[in-house]
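Each protein sequence line maps, in turn, to chains W and H.
The first sequence lines up with residues 94 to 656 when you count with this note's numbering.
The second sequence lines up with residues 32 to 231 when you count with this note's numbering.
Be careful, since some hints might not be right.
Unchecked claim - Computed Cβ-Cβ distance ranges for the label pairs, DEER-style: (1) W:ILE157 to H:PHE156: 27 to 37 Å; (2) H:GLY172 to W:LEU590: 56 to 66 Å; (3) W:ALA466 to H:ILE105: 53 to 63 Å; (4) H:ASN196 to W:LEU578: 49 to 59 Å; (5) W:PRO554 to H:ILE226: 54 to 64 Å; (6) H:ILE223 to W:LEU223: 50 to 60 Å; (7) W:MET410 to H:LEU108: 30 to 40 Å.
Stated by the list, open to error - A few chain H residues facing chain W, derived, Cβ under 7 Å: (8) PHE63; (9) THR70; (10) ASN161; (11) SER194.
Honestly, the hints are just simulated from the structure, not real lab data.
Glycine included, every Cβ here is placed at the ideal spot set by N, Cα and C.
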Amino acid sequence: MTISIPPSSSDQSKKLQPEGWLRYFSFSLDHKVIGIQYLVCGFIFYLIGGALASAIRIELVSPISDFMPRDVYNQVLTLHGTIMIFLWIVPVVNGAFGNYLIPFYVGARDMAFPRLNAVAFWMIPPAGLLLISSYFINGAAQSGWTAYPPLSITTPAAGQLIWILSVLLLGGSSIFGGINFIATILKLRRPGLRLMQLPMYCWAILGTSILVVLSTPVLAGTLVLLSFDIVAHTGFFNPTLGGNVVVYQHLFWFYSHPAVYIMVLPAFGLVSEILPVHSRKPLFGYTTMVYSIMAIVVLGFLVWAHHMFTSGTPPWMRLFFTIATSFIAVPTGIKFFNWVATLWGGKISINSAVLFSCGFIVNFVLGGITGVALAQVPFDVHAHDTYFVVAHFHYIVYGGSVFVIFSSIYHWYPKFTGRMLNDSIGKLHFALTFIGFNLCFAPQHWLGLNGMPRRVAEYDPQFIFFNQISSVGALIMAISTLPFLWNVINSAFTGPLAGDNPWSALTPEWLTSSPPPIENWEGEAPLVSKPYGYGENPEKPNLTSNILSDQSNSDSEEDEVKK
Amino acid sequence: MTTLTQNEQSSQVKHDQDSEHGDYRMFGLATFLVADAMTFAGFFAAYLTYKAVNPLLPDAIYELELPLPTLNTILLLVSSATFHRAGKALHSNNADRCQRWLLVTASLGIAFLASQMLEYFTLPFGLTDNVFASTFYALTGFHGLHVTLGAIMILIVWWQARSPNGRITEQNTFPLEAAELYWHFVDGIWVILFIILYLL
Ligand code: HEM
Ligand SMILES: [Cu+2]
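Take the sequences, apply the hints, and build the full model.
Laid out in structure tokens, this is it:
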């Protein structure tokens, strides 16, 4: 019995889409085009968010507020956080790589709902432009990415309302994306492909999408209530009208703790794809990886109040959330050891993709350790709202997720464009990023432990030295973007041709041309039953041995029985 | 591996083939409704927390009247049943009956909205009086918005189910089934809302 998925004929409209460069500016339904749209759009917002970060670090070179007025500092800080989270990391680790890779991994020709997919992407650029335009209209929001009331109710209303509208749009886009991923992974799998044969990134995206679908609506509802407080003068979160700010914090963190996993779980998945390829070894502990992803999804919903230890939470609540939060370290630790074990004894090629992935592992461990420390109430009451927290989450969102995004770009660029990136420039990029990043954020641990509060434009002169080191680090990070930009632009035209499978990888996206044809495979979709089958002959893996028709799939298992 | 697992695998293949033909739009809608339910869950959680930690002064407490909301509950529950009837009629290819039941369903929905409005006008508190008033209007208003959308959807389905030229037929039942699932969902939310807001 051979099952094949014929190229779909129903979606004739796809053939009417524009060709060439123009299609990236169109309402394309092709999941690969949409993936690239997410990636490039996200990167442009990353550059804007990075410019804002530079402005923050310039302000903090000196202890007085001299580079920009204080309210502008607050606006810049709010825009920086909102852009980096909602317009760069979330859309790129989910939307960009998810859209490009998931249909390949499940053996489909597109996502389950191509039209919804395009709608979800095209909600993002307007939302981002709206957010940024608020700065020029009447001043952007000033209450940080958390928009805590009463600050968000008492600061100028126009900017805050535009902020809410923009985040609602981005949340909607994210929910549509999540629904699409869940349907694609659970319902669109190629016949014969079992769940436990899927590449790890599918599991990561499935877990993330569950988080997105269950938590984002709560944020949306909360922000609607907040906007009522601002516009209609209701008192949901306004203590002077009988409301309760802590209710906002609960609802907000019920979304936003899962949101930190929405930013990092897909990165876990991407690393799990990259490391086996470049160390020529199977992914270590596949099953434990799957279970730890699901454990993180469940626990992720039970830890939110660790952000509220200083909000007058009752002791039993503190105890519960400390314990639950500490438990998350277990599945996270399992994943960490699995990556190390995957590398262990492998034939590792030291290229830019591997370097960024290893950088991720190092940074993520440091961020995880400070996270567990912050989960302990006696420590957190001292460190809360200081630069220690800033250091903690930048080690995870930048040192973790952003490092993985770069690693993934080095890994999949040949597939996206058909050309190789220059690896020496890539290594230079890695060195600058790694050094700049650690120089920028390591000193902030010290600053926080010594009492420097976050989100303030001025600080005590005793903190000058470490703040200046931090700003030098930020400068190096800004510079590190230049070789990267030059590399991706220049290589698109002059890079050496990549061929179908430059890394001799086994996952399905490499079993087609680079860039792939419009419906992913010329013929029928391959059935990849062992995406990590690098074990047998690490020097020259037999690339076709794991592509089986269904008949030979059961045959080969019979062979195993005989052995 | 044993022969047993091999059999298991071939049945798996068969199963996957089935889902390949299956309609996953319904699955997508169900996922969306889960998300929607979480929005309500957030509102309910907020309401219950206010109740627990922000008690009003005794003279500000107002006991909600039950007759109108009870009538509303009955209207919605009956409308769920009539929608089910419409679906059955469509499956037995009886477009006229289907259309009649859809019209009944839509009218019940609109009657619900009218009676909800009536309740709003008779209540002695306004949106901004206190957090309970605000949460009450936010929850019932958000639910009413769902009913409004549902009623519009039913009327569209009604129009498309007309006999000679309609797009909704025995072969294409998805729009009707989607609207029906949504409508049952909105009814279910109302029952929870009724218990939490009016009875607790
Ligand atoms: C081992 C896992 C982790 C633990 C135990 C942990 C623990 C914590 C705790 C207790 C806080 C609150 C600190 C405070 O405000 O006083 C915190 C803040 C934060 N964490 Fe983590 N964390 C972990 C992993 C992560 C991950 C994976 C991410 C992101 C991808 C992340 C992102 C954040 C962010 C953004 C904040 C600050 C939020 C804000 O107030 O602006 N954390 N973490
Ligand atoms: Cu958290």
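Each hint, compared with the structure:
For the pair ILE157 (chain W) and PHE156 (chain H), the beta carbons lie near 50 Å from each other, so the given range of 27 to 37 Å is not met. Against the hinted window of 56 to 66 Å, the Cβ-Cβ separation of GLY172 (chain H) and LEU590 (chain W) comes to about 60 Å, which satisfies the hint. Judged by the Cβ atoms, the range 53 to 63 Å given for ALA466 (chain W) and ILE105 (chain H) holds: they are separated by roughly 56 Å. The hint said 49 to 59 Å for the Cβ distance between ASN196 (chain H) and LEU578 (chain W), and at roughly 57 Å that hint holds.
Under the hint 54 to 64 Å, the C-beta atoms of PRO554 (chain W) and ILE226 (chain H), about 60 Å apart, fit the expected range. A hinted range of 50 to 60 Å is violated for the C-beta pair ILE223 (chain H) and LEU223 (chain W), which are about 34 Å apart. As the Cβ distance of MET410 (chain W) to LEU108 (chain H) is approximately 38 Å, the hint placing it in 30 to 40 Å holds. Proximity of PHE63 (chain H) to chain W holds as hinted, the smallest CB-CB distance being about 6 Å (cut-off 7 Å).
Restraint check, THR70 (chain H) versus chain W: the minimum CB separation of about 4 Å is within 7 Å; hint holds. The interface hint given for ASN161 (chain H) holds, since its Cβ lies 5 Å from the closest Cβ of chain W, which is under the 7 Å cut-off. At its closest, the beta carbon of SER194 (chain H) sits 27 Å from a beta carbon of chain W; the interface hint therefore is violated under the 7 Å criterion.
Checked against the numbered hints above, the structure violates hints 1, 6 and 11; every other hint is satisfied.
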